[in-house]
Amino acid sequence: MVRYWVVRMTLGDPVSNIFDGEVGMKKNFVGIRWEKLGDLTGYTTKEGLKTLRGKAKEAYKNETSGTLNNWMSHINSFVNRIKENDIVFLPIYPEHDPKLKEYRVGRVRNRPPYYIKAPTDKAIVTNRRDVDWLTRIPKKRLSVRLNKSLESPHTVYNIDKHKNEILTLLKRY
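Counting along the sequence shown from 1, when you hit position 101 you're at 101 in the numbering used here, and nothing is skipped either side.
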(Lines of atoms letter the chains of each structure in order from A and count residues from 1; the text may use other names and numbers.)
(Lines give C-alpha, C1' and ligand atoms only; values in the text may rest on other atoms or scores of the structure.)
Protein backbone atom coordinates (compact mmCIF):
# COMPACT_ATOMS: atom_id res chain seq x y z
CA MET A 1 0.00 0.00 0.00
CA VAL A 2 1.38 3.37 -1.02
CA ARG A 3 1.61 5.93 1.76
CA TYR A 4 2.09 9.70 1.58
CA TRP A 5 4.73 11.69 3.47
CA VAL A 6 6.27 15.11 3.87
CA VAL A 7 10.06 15.30 4.25
CA ARG A 8 11.17 18.84 5.10
CA MET A 9 14.84 19.40 4.37
CA THR A 10 17.13 21.97 5.99
CA LEU A 11 18.22 25.28 4.60
CA GLY A 12 21.58 23.73 3.83
CA ASP A 13 25.07 25.13 3.83
CA PRO A 14 25.03 28.74 5.11
CA VAL A 15 28.36 29.52 3.40
CA SER A 16 27.17 28.62 -0.10
CA ASN A 17 23.54 29.59 0.65
CA ILE A 18 22.35 26.39 -1.06
CA PHE A 19 19.08 24.88 0.10
CA ASP A 20 19.43 21.12 0.65
CA GLY A 21 16.18 20.62 -1.25
CA GLU A 22 17.78 22.11 -4.38
CA VAL A 23 20.57 19.55 -4.20
CA GLY A 24 18.06 16.79 -3.44
CA MET A 25 16.05 17.71 -6.51
CA LYS A 26 19.13 17.59 -8.73
CA LYS A 27 20.56 14.42 -7.18
CA ASN A 28 17.20 12.65 -6.61
CA PHE A 29 17.02 12.29 -2.84
CA VAL A 30 15.33 13.53 0.32
CA GLY A 31 17.16 13.58 3.61
CA ILE A 32 17.30 14.44 7.29
CA ARG A 33 20.10 15.65 9.56
CA TRP A 34 20.64 15.38 13.28
CA GLU A 35 24.36 15.42 12.62
CA LYS A 36 25.25 14.77 16.25
CA LEU A 37 23.56 11.38 15.93
CA GLY A 38 25.42 10.28 12.80
CA ASP A 39 24.16 7.27 10.87
CA LEU A 40 20.48 6.73 11.71
CA THR A 41 19.88 3.83 9.35
CA GLY A 42 20.70 1.06 11.81
CA TYR A 43 17.95 1.93 14.30
CA THR A 44 15.25 -0.37 13.00
CA THR A 45 13.86 -1.95 16.18
CA LYS A 46 12.11 -0.58 19.28
CA GLU A 47 15.22 -1.40 21.28
CA GLY A 48 17.40 0.38 18.72
CA LEU A 49 15.19 3.46 18.83
CA LYS A 50 15.44 3.46 22.64
CA THR A 51 19.21 3.40 22.30
CA LEU A 52 19.05 6.24 19.78
CA ARG A 53 16.86 8.31 22.12
CA GLY A 54 19.48 7.91 24.84
CA LYS A 55 22.16 9.01 22.40
CA ALA A 56 20.03 12.03 21.42
CA LYS A 57 19.45 12.94 25.07
CA GLU A 58 23.21 12.97 25.61
CA ALA A 59 24.03 14.83 22.38
CA TYR A 60 21.28 17.45 22.71
CA LYS A 61 21.31 18.09 26.47
CA ASN A 62 19.28 21.30 26.32
CA GLU A 63 16.33 19.78 24.46
CA THR A 64 13.14 18.86 26.26
CA SER A 65 11.83 15.34 26.54
CA GLY A 66 8.93 16.32 24.26
CA THR A 67 11.31 17.57 21.57
CA LEU A 68 13.38 14.39 21.75
CA ASN A 69 10.21 12.27 21.45
CA ASN A 70 9.16 14.26 18.35
CA TRP A 71 12.58 13.76 16.81
CA MET A 72 12.47 10.02 17.43
CA SER A 73 9.10 9.89 15.67
CA HIS A 74 10.53 11.75 12.64
CA ILE A 75 13.62 9.54 12.51
CA ASN A 76 11.56 6.36 12.88
CA SER A 77 9.27 7.45 10.04
CA PHE A 78 12.19 8.28 7.76
CA VAL A 79 14.19 5.12 8.45
CA ASN A 80 11.49 2.52 9.09
CA ARG A 81 8.04 3.61 7.97
CA ILE A 82 8.68 5.17 4.55
CA LYS A 83 8.84 2.35 2.00
CA GLU A 84 9.53 1.79 -1.67
CA ASN A 85 6.90 3.44 -3.92
CA ASP A 86 5.64 5.75 -1.18
CA ILE A 87 5.06 9.34 -2.28
CA VAL A 88 7.02 12.18 -0.66
CA PHE A 89 6.32 15.89 -0.72
CA LEU A 90 9.34 18.19 -0.44
CA PRO A 91 8.46 21.83 0.36
CA ILE A 92 10.38 24.23 -1.88
CA TYR A 93 10.70 27.95 -1.25
CA PRO A 94 12.00 29.52 -4.48
CA GLU A 95 14.64 32.03 -3.48
CA HIS A 96 13.59 31.23 0.11
CA ASP A 97 10.40 33.29 -0.32
CA PRO A 98 7.52 31.49 1.47
CA LYS A 99 4.96 33.28 -0.72
CA LEU A 100 6.30 31.43 -3.76
CA LYS A 101 6.07 28.00 -2.17
CA GLU A 102 5.58 24.86 -4.19
CA TYR A 103 5.99 21.18 -3.50
CA ARG A 104 8.21 18.78 -5.36
CA VAL A 105 6.56 15.35 -5.35
CA GLY A 106 8.51 12.13 -5.76
CA ARG A 107 8.27 8.36 -5.48
CA VAL A 108 10.66 6.56 -3.12
CA ARG A 109 13.02 4.15 -4.88
CA ASN A 110 13.70 0.64 -3.66
CA ARG A 111 17.05 1.47 -2.09
CA PRO A 112 16.84 1.58 1.73
CA PRO A 113 17.85 4.73 3.61
CA TYR A 114 21.58 5.37 3.53
CA TYR A 115 24.17 7.51 5.27
CA ILE A 116 26.87 9.76 3.81
CA LYS A 117 29.35 10.86 6.46
CA ALA A 118 30.79 13.78 4.48
CA PRO A 119 28.58 14.76 1.53
CA THR A 120 30.43 16.30 -1.38
CA ASP A 121 27.31 17.59 -3.16
CA LYS A 122 26.89 20.72 -0.96
CA ALA A 123 23.86 19.32 0.87
CA ILE A 124 24.36 18.93 4.58
CA VAL A 125 21.78 16.19 5.15
CA THR A 126 23.60 12.94 5.77
CA ASN A 127 20.75 10.41 6.07
CA ARG A 128 19.04 10.03 2.70
CA ARG A 129 16.47 8.16 0.65
CA ASP A 130 16.51 8.05 -3.15
CA VAL A 131 13.46 9.31 -5.02
CA ASP A 132 12.29 9.75 -8.59
CA TRP A 133 10.76 13.20 -8.90
CA LEU A 134 7.34 13.08 -10.52
CA THR A 135 6.12 16.67 -10.57
CA ARG A 136 5.93 20.10 -8.96
CA ILE A 137 2.68 21.32 -7.47
CA PRO A 138 2.20 25.03 -6.66
CA LYS A 139 0.81 25.74 -3.19
CA LYS A 140 -2.08 27.69 -4.69
CA ARG A 141 -3.37 24.49 -6.38
CA LEU A 142 -3.93 22.68 -3.07
CA SER A 143 -7.01 22.71 -0.89
CA VAL A 144 -6.92 24.71 2.33
CA ARG A 145 -6.98 21.44 4.29
CA LEU A 146 -3.98 19.94 2.49
CA ASN A 147 -2.11 23.26 2.66
CA LYS A 148 -2.57 23.36 6.42
CA SER A 149 -1.23 19.82 6.74
CA LEU A 150 1.79 20.65 4.61
CA GLU A 151 2.56 23.73 6.71
CA SER A 152 3.43 21.67 9.79
CA PRO A 153 6.91 22.47 11.11
CA HIS A 154 7.68 18.77 11.58
CA THR A 155 10.53 17.25 9.60
CA VAL A 156 8.96 13.94 8.54
CA TYR A 157 5.27 13.16 8.85
CA ASN A 158 2.47 11.21 7.24
CA ILE A 159 -0.32 12.79 5.17
CA ASP A 160 -2.30 9.67 4.19
CA LYS A 161 -5.55 11.41 5.17
CA HIS A 162 -5.16 13.50 1.99
CA LYS A 163 -4.71 10.50 -0.31
CA ASN A 164 -7.69 11.24 -2.57
CA GLU A 165 -6.67 14.85 -3.20
CA ILE A 166 -3.06 13.83 -3.76
CA LEU A 167 -4.06 11.20 -6.32
CA THR A 168 -6.17 13.79 -8.16
CA LEU A 169 -3.28 16.27 -8.14
CA LEU A 170 -0.83 13.66 -9.44
CA LYS A 171 -3.14 12.94 -12.38
CA ARG A 172 -3.36 16.65 -13.15
CA TYR A 173 0.33 17.55 -12.87
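If you're looking for bench data, these hints aren't it; they were derived computationally from the structure.
Any given hint could be a false lead.
[Said to hold, decoys possible] Computed list of lysine-lysine pairs in BS3-like fashion (alpha-carbon distance at most 30 Å, straight line):
(1) K140 / K36
(2) K101 / K161
(3) K61 / K26
(4) K83 / K101
(5) K26 / K148
(6) K26 / K161
(7) K140 / K26
(8) K122 / K57
(9) K55 / K171
(10) K163 / K83
(11) K46 / K26
(12) K26 / K122
(13) K171 / K26
(14) K55 / K83
(15) K61 / K50
(16) K83 / K122
(17) K139 / K26
(18) K46 / K117
(19) K57 / K46
(20) K101 / K50
(21) K61 / K161
- Item | Pairwise hint evaluation, K46 against K57, where the allowed Cα distance is 30 Å at most | holds (16 Å)
- Query: Under the criterion that the straight-line Cα-Cα distance not exceed 30 Å, is the pair K139, K26 satisfied?
  - Reply: Measuring from Cα to Cα gives roughly 21 Å; hence the hint holds.
- Would you mind confirming whether the straight-line C-alpha gap from K101 to K50 stays at or under 30 Å? The hint is violated at about 36 Å.
- Message: Run the distance test for K163 versus K83: straight-line Cα separation, threshold 30 Å.
- Response: The hint holds at about 16 Å.
- Message: Just to be careful, I want the Cα atoms of K46 and K117 compared with a cutoff of 30 Å; is the pair within it?
- Response: Between K46 and K117 the Cα gap is close to 24 Å, so the pair holds against 30 Å.
- Pair hint K61 and K161, alpha-carbon separation not exceeding 30 Å: Outside the cut-off at roughly 35 Å; violated.
- Message: Against the 30 Å threshold, does the CA-CA distance of K55 and K83 hold or violate the hint?
- Response: Roughly 25 Å separates the two Cα atoms, so the pair holds.
- Query: When you check the alpha-carbon spacing of K55 and K171, does it fall within 30 Å?
  - Reply: Roughly 43 Å between the alpha carbons, so the hint for K55 and K171 is violated.
- Task: Mind checking the alpha carbons of K61 and K26 for me, to see if they're no more than 30 Å apart?
- Result: Violated: K61 and K26 sit about 35 Å apart, past 30 Å.
- Query: Would the pair K61 and K50 pass a check requiring their Cα atoms to be no farther apart than 30 Å?
  - Reply: Holds. K61 to K50 sits at ~16 Å (cutoff 30 Å).
- Message: Checking one constraint from the list: CA of K26 to CA of K148, max 30 Å. Satisfied?
- Response: Holds. K26 to K148 sits at ~27 Å (cutoff 30 Å).
- Message: For a C-alpha distance cap of 30 Å, please report whether K26 and K122 respect it.
- Response: Since the Cα atoms of K26 and K122 sit roughly 11 Å apart, the hinted pair holds (cutoff 30 Å).
Hints 1, 3, 9, 11, 20 and 21, counting from the list given before, are not met by this structure.
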